[in-house]
Amino acid sequence: MIMNVGGTAIPGRVRRPSLPLPTNLQDVGRVMKKRNIINQKYGRYLVLHGSHYNKQKQFYWVCLCDCGNIRSVRHDALISGHSKGCGCSYLKNCSIPGCNNKYMAKGYCNIHYMRIWRYNDVLHTERERHGMVDTSEYKTWQDMKERCYRINNDHYHRYGGRGIIVCDKWKNSFMAFFADMGLKPFPKAQIDRIDNDGNYEPENCRWVSQKENARSRKKLTMAKAEEIRNRYKLDNMTYAELGKIYRVSVSAIFNIIHKITYNEVMER
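When you line the sequence shown up against the working numbering, it's residues 453 to 720, in that order.
A few of these clues could be false.
[To be verified] Only pairs whose alpha carbons sit at most 25 Å apart, straight line, appear in this in silico DSS-like list of lysine-lysine:
hint	residue 1	residue 2
1	K685	K711
2	K591	K621
3	K509	K493
4	K544	K558
5	K663	K685
6	K536	K509
[As the list claims (entries may be wrong)] Pairwise CB distance ranges, derived in the manner of DEER restraints:
hint	residue 1	residue 2	range
7	K536	K685	56 to 62 Å
8	D687	I646	29 to 35 Å
9	K544	K640	45 to 51 Å
10	T587	E664	19 to 25 Å
11	K558	N688	18 to 24 Å
12	K558	D528	33 to 39 Å
These aren't lab readings, by the way, just hints derived from the structure by calculation. We put the CB at the ideal spot given by N, CA and C, even for glycine.
Sequences are here, hints too, so could you generate the full structure?
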């Protein structure tokens, strides 16, 4: 069937009324009132004409969406604004130029979003095949990047939050990381940065035990302790604020300010 809308022929199928038109004057007036919205615009819909009643005696209109789709829309959903279009406005394309895949999350399609999640690079194209996804070394490499680049990571504030990054060589290639670090010397070995303020790079990383990793963290110095006390007195800062700045617990700040002990308290 061909319908004319504004002088333009639009192909489409129109459902015939599933129930007979009302005969009493009250129902006739109700239907005529509904028909007054013909040619009116609701959201992305243009009302063409009435369609049918459903089994619950709810009236439907035939509407033309801005994208060209024709839909039957229930009267109350149309008037209330609950139905504003056929859904075409939600089917966005990926924000990457030249990619016509549909939007999934954060402005990207599924393919580009997974590249961000895995490689932290939306344009990453090279795919490594190494068969080591289930190894402990691969898990360490993934966790290392998570700490530096994923804001939602629980430890981000101790790594990426204070400017620590992964060198480009390791960031984009697990095989490069594995070639430099090799297999773990023992099952529970951890990656450790020799310079605690340095980045993850070949010259600054090694495999150590958990105990050695804990020892490599800096201890609070006398100079820092005095600095914390002075900032507490002069700047009127709270324990929590100082703890966040110096990366120590609130109880450690309490011990420093009250001169209980601090030389064994280690930074997080």
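Here's how the hints hold up against the structure:
1. K685 <-> K711: 14 Å, holds
2. K591 <-> K621: 17 Å, holds
3. K509 <-> K493: Holds, because 24 Å separates the two Cα atoms, which is no more than 25 Å.
4. K544 <-> K558: 11 Å, holds
5. K663 <-> K685: Distance of about 36 Å is beyond 25 Å: violated.
6. K536 <-> K509: 22 Å, holds
7. K536 <-> K685: 56 to 62 Å: Since K536 and K685 have Cβ atoms about 60 Å apart, the given range 56 to 62 Å holds.
8. D687 <-> I646: 29 to 35 Å: 33 Å, holds
9. K544 <-> K640: 45 to 51 Å: Holds - the Cβ-Cβ distance for K544 and K640, about 46 Å, lies within 45 to 51 Å.
10. T587 <-> E664: 19 to 25 Å: Once the Cβ atoms are compared, 22 Å apart, the range 19 to 25 Å for E664 and T587 holds.
11. K558 <-> N688: 18 to 24 Å: 41 Å, violated
12. K558 <-> D528: 33 to 39 Å: Given a distance of about 35 Å, which is inside 33 to 39 Å, the answer is holds.
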